[in-house]
Every structure is written in structure tokens, then in C-alpha cells.
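The whole structure should be built from the sequences, with the hints applied where relevant.
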Amino acid sequence: MDAIASKSISSINLSIYRYDPDSGKKPYMQDLSIDIPEGQDIMVLDLLNMAKEQDPSISFRRSCGEGVCGSDGMNINGKNGLGCITPLSEALKGNKIVLRPLPGLPVIKDLIVDMKQFVDQYKKIKPYLINDEEKPEREIKQTVEEREKLDGLYECIMCGCCSTACPSFWWNPDKFLGPAALLQAHRFISDSRDTATEERLDQLEDAFSVFKCHGIMNCVSVCPKGLNPTKAINEIKKKLVKRAL
Amino acid sequence: MAMNGKGEELDASKLKVLEFDGIVVGGGGSGLMASLQLAQSGFKTAVVSKVFPTRSHTVSAQGGITCAIQSADPDDDWRWHMYDTVKGSDFIGDQDSIEYMCQEGPKAVFELEHMGLPFSRTEEGKIYQRAFGGQSKDYGKGGQAERTCAAADRTGHALLHTLYQANLKAGTNFLSEWFAVDLVKNGDNQVVGVIAFEIETGEPYFLKSKATVLATGGAGRIYQTTSNAMINTGDGTGMVLRAGFPVQDMEMWQFHPTGIYGHGTLVTEGCRGEGGYLVNKDGERFMERYAPNYKDLASRDVVARSMMLEILEGRGCGPDADHVYLKLDHLGPEIVHKRLPGITELSKTFAHVDPVEHPIPVVPTCHYAMGGIPTNVHGQVLTQATDGTDNVVHGLYAAGEAACVSVHGGNRLGGNSLLDLIVFGRSAGLHIENALKDGITLSKATNDDIDLALVNLNRVNISSTGEDVATVKAELQKNMQLNFGVFRTGDLMEKGLVELENIREKTQNIHLTDKSSRFNTARVEALELLNLIEVAQATAVCANERKESRGAHARDDFQERDDENWLKHSIYFADTKEVTKRDVNFRPKTVQAFQPIVRSY
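Which chain is which? The protein sequence lines are A and B, in order.
Under my numbering, the first sequence has 2 at position 2, and the numbering climbs by one with no breaks.
Numbers given in my numbering equal positions in the second sequence, counted from 1, plus 1000.
Hints listed in this document are in silico derivations from the structure and should not be mistaken for laboratory results.
Hints are supplied without guarantee of correctness; some may be wrong.
To be verified - Okay, derived cross-link-like pairs now, DSS-like style, lysine-lysine, Cα gap no bigger than 30 Å in a straight line:
1. B:Lys1589 <-> A:Lys123
2. B:Lys1169 <-> A:Lys225
3. B:Lys1169 <-> A:Lys124
4. A:Lys149 <-> B:Lys1208
5. A:Lys231 <-> B:Lys1338
6. B:Lys1495 <-> A:Lys123
7. B:Lys1016 <-> A:Lys25
Next comes the structure, spelled out in C-alpha cells:
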């Protein structure tokens, strides 16, 4: 709030990536000047909504507006993040902001990317609890400490900011699972109620799935939920190595 | 043939057809519970969702699922939960439905836990339960209960992701980012599917199905200030009204007490369940005056009205004295960080406040529709014959916030929405499963039936001049906020109704400037506006008609509850814009009905 107020900026220069493959035109950057209410620190998504009032053809995904649904992952002044919880005071460079689609995935239109590769990798890790034992009538018991192991893992919102910031994922989006899917893999490996740990590790034991992570840590720096996929990946690596010894 | 800029009209012959045993419109909690049930039994099931399923608004639910699973208290009883829910509903919740929900609830909650939902835990390793508003032990006589099962303050997220994952395992087909436009209804008033288009390509389809479930969620976007996601535009409600079927109790909108001031984003009632409380500008814990027993954990309608009265009487906080404070700073960092981590994030982002250090500025925000598409406990949609009897609409089901099986009546208790989703999503799925096994016979739709369902889409697609969608939507939201908010009076509502008629005319004349095929979000927003106006008008007409104060419906000109005339559901049809009444169910199967008493907390 203060950053904006002290600079008393009222007009923002928005540069936004535009592309509609059906139009026959090449992708281009559209420049718009947008007046924002003085002294208010609005979010990038608010700015986009204002831009859409000027030009209704601008396309982007959005839903909850509070950083929980994961719809509006985008590249904001060079860094992946969620439009709805990134305040302009953080994102602006001078009075300029450049919005592009998440990098590395095919663009459907404007800021909307095709998430298929991302979701396919998620599906590969069998993202559901596997427990073949007979179920109790009530809950499967889990201690507070066992449950704490899931903290920092289950909160992923599948926005795609991490995997699309990862050079290893850009190179091998079909073979390297990427930070988001691996975080989920570790969520189920860590769950005391899951009985398929060994099968899960078997599936990850190749040169690409996990080991293409080189610890660049872009995923950690961009995760809008403050999660740490690199740590989860290292935990998986350790388990695989330990098993092999 | 994708929809394009040439202004061509669609007709039945130009549509691709896909056929399913069951389709579920909406990928939130109730939809995914219904689809899971069907997919697990091997039926060809599709979820049609305008967003990727985990983007649905269930993801935002924070506090938990209220259910007597006897974890916090081994003596807890689903009948006590039923009593609280009936009382919370201000006695217009249907008692057969409430009984079913409270009794079946534990089974559904344990089922979710077995699917992997990461509930918080007690020292004994059981599911953690916290206190929520309006919860009592022993039929109101045993003090505050702790009945809300929680995964920290991210229960909706945990639930929705778990259900999505279970559906992947079960092999559900996802038509993700498809927009359902209208129901296809045949001459026998049977629903045989929907018209929908794939948003990415703009390709229109007739999705043919033996059973269609509307699980389209809420419509809080009829108000200016709401906790609801931008996608909550009452799409199923709009479809039902246009198809000539009724809605029920649409005047009943819950304003949640603690929306973050200036933004509307919610902070959970769980904050007060964990020991937080509200203060006015004098630092006074004012709920002690309004609800001496339950204080800040009185039911939501009571707390929201108390806050508004504090503000109206000049005891609000801030330079404009237009909000109050939610105090959590006395709880200590450990409770706040462990039990309310999501709240900490939200209040830092949207209120620029760390709740460990400072109170959060809050104001009531539109949160939940108690009303919706009337159904029985099996999720079957009901319509009302001219003599007032209920008739089942063949082929059509509804569940979750879009539906009104009426477990919430005039006011929903916190934590009961997630329970509603899973219990009635499941019961709709079960009923369809059995009906499919028995062999559903529906007569076919003719091309004329299909063309009728294309009217709206065509009107938007071929528009060449007319009203701007965003402008008309803003007018609608402003009108609802001003004239149909927390406190209502006849004069303002009459004015609001006239204004809504003008707005309706404008919606009949909206202009879609961008006619492109590919991921055209402007087209989606134009069609959503046609749903918003249906919901808004139903709300407005019913609110003006219900001449009493009950639950969330508080009138300055009729301040008392009127059981003689209004211990009833309101039923509204869009074609006549008239309100009729429907009896409230007082016939639970296993317990004695709870009779209306004065509702105090």
C-alpha cells in the first residue's frame, strides 16, 4: 500500500502477451495504460480485470481471487506467480508491468496455457491414497507427528508456477516429473496410511523421473504457497539411494 | 463447427453429440462425490466443469465439516447435531433431510478419510474437531460442542483434491473447461442432457445423458461484496429457471460475519471456534450483549446482524467507522500458526495485518445461498404442480449449494455446507446408480427440443449491437447490494425490483463484441450474466414476498418471525415471477420432530 502511495502512481503501463492461433497473427505484446485508484495497492488480477474492461478479448483464467484455486498462474515481470495475490507494489518495475503466460507450456490463447503435460505428470505418480488393508469402521488412526509429515506437501494448489519455472521440466516435460508432481509423490510416500511406498519408489527409480532435478530451486522461489518441492525431491532421492545401498 | 465471428446460428444438426449414463455439471465437492459414486459402479460418467475441477469454489472452504463422529466427545450424538441444524435453520429446514444428513454424515466423513483426506489429528490419532457457531450438546442444554472436523483451516482444499484424486482412480471422464449453457428438455418435461461447449475450441455439443446432475454451486456474484469465487454465477439455477422449473427459498442468503474489510475474502468461523472474538471501536466484546450464552459463536445470521448494528450505531472501527475487528492476537503464535495458517496468509495479503500481532478488520460478506433448486433426499429435482403437490423432474438431479434439499432452511450453520456436499452428492449418485441398474427409460429429444435450448447461446453469438456485459453486471450487483443486503425493507426492495426489470431488459440485449472461437472468456461471461439475472430476480421477488424476519432474511418493516403464515418454503417460477408456498417437512423417520421455539443464542 505504502509503496504505491508514496510514488503516487495512478497510471500503470501494462504490457501483455497476446496470441490467438486462430487469428493467423503472430504473438505480440499489447500495451495498455490503466488508471488505478490512487493510494490503493491492488493485485495484478485486479489490473487484468480492468484491462479486460478496456479490451474484452484479453483472455486469462481466474476463479477464487484469494490464492487457493490455482487458476491464475502467470509470468509477472519475469517471475511466475498468482495474479490474485501478487500486489502491484511487489510486481511493478517503475510503473511498468509485463505479463506473459507461464513459460514452457503450449499457449492456447493469451495468458492461457495448455496444462495437459503438467496434469499428465501429476497423474503418473498415482496421486491418491493406496491402502489395501481392510478399512476400520472409523478413521484410520494417524498420530499428530505422522500427520505433521504431510504439512508442506498437501497444500499444493496445482497452479503450475513451479514446474514451468524449472529448466529440467522445460527440457524433459515428458520424462522428468517436475516439482509439482514430485511434491505430490512425496505427499503419498510420507502418508502413514499409504501402503504402496515401495511401488511408488519403484516407479520413480530411473534416470529422469526424479534425478533430472539438479537443485536449481526455482520452484522454491516461485511457489505462491511457500512450499519447498526441492526438499521433497531430495527426500525422495535419499529414500531411493538408501534403498539401493 | 466451432462458434465463430460470422454470426451463424446454431441448430440441432450442427452439434456434435456425446452420450453418457450420467453427467454431472460442476466439479466441486458435491459434483465429484456424485461422479465418484457413479464411476465406481462402472457407469459411463462425465463431469462437465467450466474450470479444472480443483479450481471449483469448494477449494476455498476453510473451517471444516460438521459431523457427530464422536472424536472430540465420545458421547456426541447426531440427534444433537440435527437439533442445532433445525434451530439454526429457523425451523424451515426440512427435518427428513436434516435427519438423513446428520445420521449418514459420519459414514461419509470416514469414507473421505479412507480416501486419504489429510484431517488434522487429536492426541489419540483421531480426526480433530473444533467448535463452530450454533453447536450444542444435549439439544441446547449441555453447552458448546466441538463438532467440526478439520484439516487445519484448509478443509475444502483437502476435500476437493482428495475427491479429484479419487475420481482419477475411478476413471471418471472429465470434460474440463466446458461450459454448460442450457438443459435439453423433451415434450414430456424430462431432462435428457445439456447443451455445452468446449471452451478451448468453442465447439458446441449436445451431451446426452440418462441422468443429469446440477452441481453448479453458489451464485454469490449477484452481490458486490462476496466471499464467493468469480465463477459462482448460479449457472445451474439459471438453467433450471429457464427450463420452466422452480427454485426454493431464494431470499435466504447468508452474510458471513468475517469477510476481510475492503475485499470480502473470508476468514473462517474457526477463528472464533479457536477462541477469537469480535470487538467494536471501544474494544468491547459486543457479542456478549447480543448472545449472552454463545457470544461470538452464535449462529452466523445473528453475528452478522449484531456487527451491522454496531456499525450503524456508530461503534464501528476505522476512519469511516464501517467495520469491526476480529481479535486473535491473544491466542498466541502457536495456535494461530498451527490451527489457522491459511488465515494468517490471507490477512497478511489482503488486510496487511499479521493476526498474531493485530486484529483483522472484518465486515459481513455475502457467502452462501441457503435456497436453490428444490430436491428430495435422493437429489431428484422437484417441481410444483398447480395444486401444490411435488412432482419429480425425470432425468434431473441437483446437489450441493445449487440445490435446496433444505437442510439449511433460513440460515446455514458453519461446517454444514461441506457435509451437505458429500452426503447429498453421494445420495444423488446412489439413486442414479440404482435407477440405471433398474433401467431408466427417458423419451428422446426432438430437434425442436434441442433448438429451444440453443436460443440463449444463439442470441449472444449473433448480437451485433447492445449492452456491455461488464457494465450491466456491475449495475446488477450494486442493486442487489443496496436493496437486498443484510437488512431489508419493503420500500427499498420495491425500488430494487423495478431496477431489476430494467436490468433484465438490458441482459436480453447484451452484445458480445468478441466472437472468436478459442477460449473466449467474454462469451462465458456473457452467458454467466444471463444466469446471474435469473438468480437475482428470484432472490428479489422472494425477499419482497416473505413478509417476516426469519434466519438470514431480516426485514425492518416485518421484524418478527411469522410462523402462522411463513413457516413455509417459498417457491418461485421465472415465467410468472410469482411466489407460492411449500410445506416444510416435519416428519423425520427415527426421531420426533423439533417444533419451532423462540430462537436465542
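For each hint, the structure was consulted:
Annotation: proposed proximity of Lys1589 (chain B) to Lys123 (chain A) is violated, straight-line Cα distance about 44 Å (limit 30 Å). Our distance criterion of 30 Å between C-alpha atoms is met by Lys1169 (chain B) and Lys225 (chain A), whose separation comes to about 26 Å. Among the hinted pairs, Lys1169 (chain B) with Lys124 (chain A) is consistent with the structure: their alpha-carbon atoms are about 11 Å apart, no more than 30 Å. A distance of roughly 45 Å separates the Cα atoms of Lys149 (chain A) and Lys1208 (chain B); the hinted pair therefore is violated under the 30 Å criterion.
Under the criterion of a C-alpha separation no larger than 30 Å, the hint pairing Lys231 (chain A) with Lys1338 (chain B) is consistent with the structure, at around 21 Å. Under the criterion of a C-alpha separation no larger than 30 Å, the hint pairing Lys1495 (chain B) with Lys123 (chain A) is inconsistent with the structure, at around 53 Å. For the hint linking Lys1016 (chain B) to Lys25 (chain A), the alpha-carbon distance of about 29 Å falls within 30 Å, and the restraint holds.
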